[in-house]
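**Q** One-letter residues, chain by chain:
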Amino acid sequence: MTAAAADQEAARDLVLRTAMLLDAEDFDAWVKLFDEDGIYELTAYSTEIRRWMTWQSSDRMTLDKMLKEVNEHVRDTAQRRHIVGMPLVEIDGNAARVRSNFSVFRTLADGQSALYMTGQYDDHIVRRSGVWLYTLHKVIADTRILDSFTHTPI
Amino acid sequence: MVDVIDGHTKPQLPETHYLDNRIFTDADIFAEEQEKIFAKVWQFVCHESEVEKPGDFRRVQVAGKSIIVVRGPDGAVRSFHNVCRHRAAEVVREDAGSARGFTCFYHHWTYGLKGELRGVAKPDGYDAVQLDKSALGLVPVRCEAIAGLIFATLDEGAEPLRDFLGDIAKGFLEPLGTVPLEVFHFHKAILKTNWKLWQDNNSERYHSILHVANRKTLAWVLGKTSPMKLRIEAKGHSGYWADGGEALVDYAKGGYSSGAEGALPGMQGDEMRVINLFPDLMINIRSNVVRLDRMVPLGPDRTLVEWRGLGVKGDDDKMRAVRIRQHNLFWGPTGRNLPEDVLAVESQSRAMHADKVRYSIIAREEDLNPTDDANIRAYYREWGKRMGKSPATLA
Numbered sequence: 001m002t003a004a005a006a007d008q009e010a011a012r013d014l015v016l017r018t019a020m021l022l023d024a025e026d027f028d029a030w031v032k033l034f035d036e037d038g039i040y041e042l043t044a045y046s047t048e049i050r051r052w053m054t055w056q057s058s059d060r061m062t063l064d065k066m067l068k069e070v071n072e073h074v075r076d077t078a079q080r081r082h083i084v085g086m087p088l089v090e091i092d093g094n095a096a097r098v099r100s101n102f103s104v105f106r107t108l109a110d111g112q113s114a115l116y117m118t119g120q121y122d123d124h125i126v127r128r129s130g131v132w133l134y135t136l137h138k139v140i141a142d143t144r145i146l147d148s149f150t151h152t153p154i
Numbered sequence: 001m002v003d004v005i006d007g008h009t010k011p012q013l014p015e016t017h018y019l020d021n022r023i024f025t026d027a028d029i030f031a032e033e034q035e036k037i038f039a040k041v042w043q044f045v046c047h048e049s050e051v052e053k054p055g056d057f058r059r060v061q062v063a064g065k066s067i068i069v070v071r072g073p074d075g076a077v078r079s080f081h082n083v084c085r086h087r088a089a090e091v092v093r094e095d096a097g098s099a100r101g102f103t104c105f106y107h108h109w110t111y112g113l114k115g116e117l118r119g120v121a122k123p124d125g126y127d128a129v130q131l132d133k134s135a136l137g138l139v140p141v142r143c144e145a146i147a148g149l150i151f152a153t154l155d156e157g158a159e160p161l162r163d164f165l166g167d168i169a170k171g172f173l174e175p176l177g178t179v180p181l182e183v184f185h186f187h188k189a190i191l192k193t194n195w196k197l198w199q200d201n202n203s204e205r206y207h208s209i210l211h212v213a214n215r216k217t218l219a220w221v222l223g224k225t226s227p228m229k230l231r232i233e234a235k236g237h238s239g240y241w242a243d244g245g246e247a248l249v250d251y252a253k254g255g256y257s258s259g260a261e262g263a264l265p266g267m268q269g270d271e272m273r274v275i276n277l278f279p280d281l282m283i284n285i286r287s288n289v290v291r292l293d294r295m296v297p298l299g300p301d302r303t304l305v306e307w308r309g310l311g312v313k314g315d316d317d318k319m320r321a322v323r324i325r326q327h328n329l330f331w332g333p334t335g336r337n338l339p340e341d342v343l344a345v346e347s348q349s350r351a352m353h354a355d356k357v358r359y360s361i362i363a364r365e366e367d368l369n370p371t372d373d374a375n376i377r378a379y380y381r382e383w384g385k386r387m388g389k390s391p392a393t394l395a
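For the protein sequence lines, the chains are P and S, in the order given.
So in the numbering used here, spot 53 of the first sequence is number 53, and the numbers just go up one at a time.
So in the numbering used here, spot 247 of the second sequence is number 247, and the numbers just go up one at a time.
Keep in mind that the hints were calculated from the coordinates and are not lab data.
Take these hints with a grain of salt, some might be off.
Stated by the list, open to error - Capping the alpha-carbon separation at 30 Å, the derived lysine-lysine pairs in DSS-like fashion look like this:
| hint | chain 1 | residue 1 | chain 2 | residue 2 |
| --- | --- | --- | --- | --- |
| 1 | S | K313 | S | K53 |
| 2 | S | K10 | S | K389 |
| 3 | S | K216 | P | K32 |
| 4 | S | K188 | P | K65 |
| 5 | P | K68 | S | K216 |
| 6 | S | K389 | S | K192 |
| 7 | S | K253 | P | K65 |
Quick caveat, the model's predicted, so the values are computed rather than measured.
Please model the complete structure; the sequences and the hints are all you need to start from.
**A** In structure tokens form, the structure reads like this:
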């Protein structure tokens, strides 16, 4: 495998692993996928107010606190499952932009499943000591009417 | 002999201190509310910043009717029924936009921004009947604004907006009305619950005990009393806030960022103020940011809720980011509190439809401490007055 192909594969692996860790609610491992100054963003465009909105923008420290509190909340008990499409990777040296379409399905305790959100990840990643990490993990949500709100990242 | 516990036995309380849960589930009562409440009251429809420039418009629902809110070329905001005078198609089909006029997509009748009928397609066809265009403008809806909040009513005979609001307006006139604000956040959800349960959730304060963030930052949640007091005003409106002193949210205690920076006029740093207007507008202010909840009831157990977040128009990027962060921390769709509130009101609706517990108790009396139920009782007094029946006995 060429170095370029290996980078492509590593970037895709990061995106898929991110989704797997969220589905498993392994938040400690999920936060470690961010660079020291990495940011998680959830954005959407409102046709009502005709502007882009930031629904969440959190640095690593804030994410860490938020996710440590998850089990203190009364929260939605449905299982979430991410389905992530093949990421488009654009490598530029030790940095890359990675775009991936995604869907999140929500399955209730009785087994009923429904689409929860669909959209795109528009990520910026950087290579640190051979490991790719997020400098910006950005969710662009197409879905704006959510069936249940969430204490966990998308 | 053991007494049988029956969930349909009326509580041994004054009639003002409990509710029959069928007001939250019954389809006939829901239909009656549309006619007797929503078609009669002033309802918040949007913020002035959503129709900032001449030609800017919003399409909204009021009591099941589609309404256009539009800023005219003269700067005045007007509202109209969104129905073409020709064959009754909807004239505006987008939630928002900017236009020089409105053209019905079906047969191309065109209207000006003041609602006047400007033109009809193939006008010669009406020569024989001398069609009077001046009488065929869009049908107007009464519309008034206060502190940037635009209200509409379907009732031509309704009192002026300021009279409808009364003294409760004192709670929001300064923070919302003395600096120009703009909406930076909008999201919505269809909650599987009755609309009044969402209003109740924002009105009664002791469910703060549900929220881990509130347990950590609001000393009074677990304490006996609070320096904040309920404000009960006429016509079912209420709120709670403090006149000064200790009524601050202790964000640091919860490890959260402060809301003091950029506090709105009249607000203390880290103050919390809650105002609930009958029947369905909730104004929440956390010092430097405003949240507005508006509801569109869809059925006894379905409610569309719109959430808006507002900051100061002209904020630089840094200040806007501070306000957005403070808003999202508690009130965004991934905020600390909102997901829990939604779970609570949807749980109530499911259980009420099972009808195994017929009554809700609103009997706390605590001298207007925020954990008093006096504001809920005032709200349902107004509901009973408008509906012509007791919310406790349905008689």
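**Q** Please verify whether P:K68 and S:K216 have alpha carbons no more than 30 Å apart.
**A** Given pair P:K68, S:K216 holds - Cα atoms ~15 Å apart, limit 30 Å.
**Q** Between S:K389 and S:K192, does the CA-CA distance stay at or below 30 Å?
**A** holds (25 Å)
**Q** Are the Cα atoms of S:K313 and S:K53 separated by 30 Å or less?
**A** Distance of about 14 Å is within 30 Å: holds.
**Q** Going straight from one Cα to the other, do S:K253 and P:K65 come out at no more than 30 Å?
**A** Holds. S:K253 to P:K65 sits at ~13 Å (cutoff 30 Å).
**Q** Would you mind confirming whether the straight-line C-alpha gap from S:K188 to P:K65 stays at or under 30 Å?
**A** Status holds; Cα separation ~26 Å.
**Q** Given the proposed pairing of S:K10 with S:K389, does the C-alpha separation stay at or below 30 Å?
**A** Given that 30 Å is the threshold and the Cα spacing comes to 17 Å, the pair holds.
**Q** If you draw a straight line from the CA of S:K216 to the CA of P:K32, is it 30 Å or shorter?
**A** Satisfied, since the Cα-Cα distance of roughly 27 Å is no more than 30 Å.
Checked against the numbered hints given earlier, the structure satisfies every one of them.
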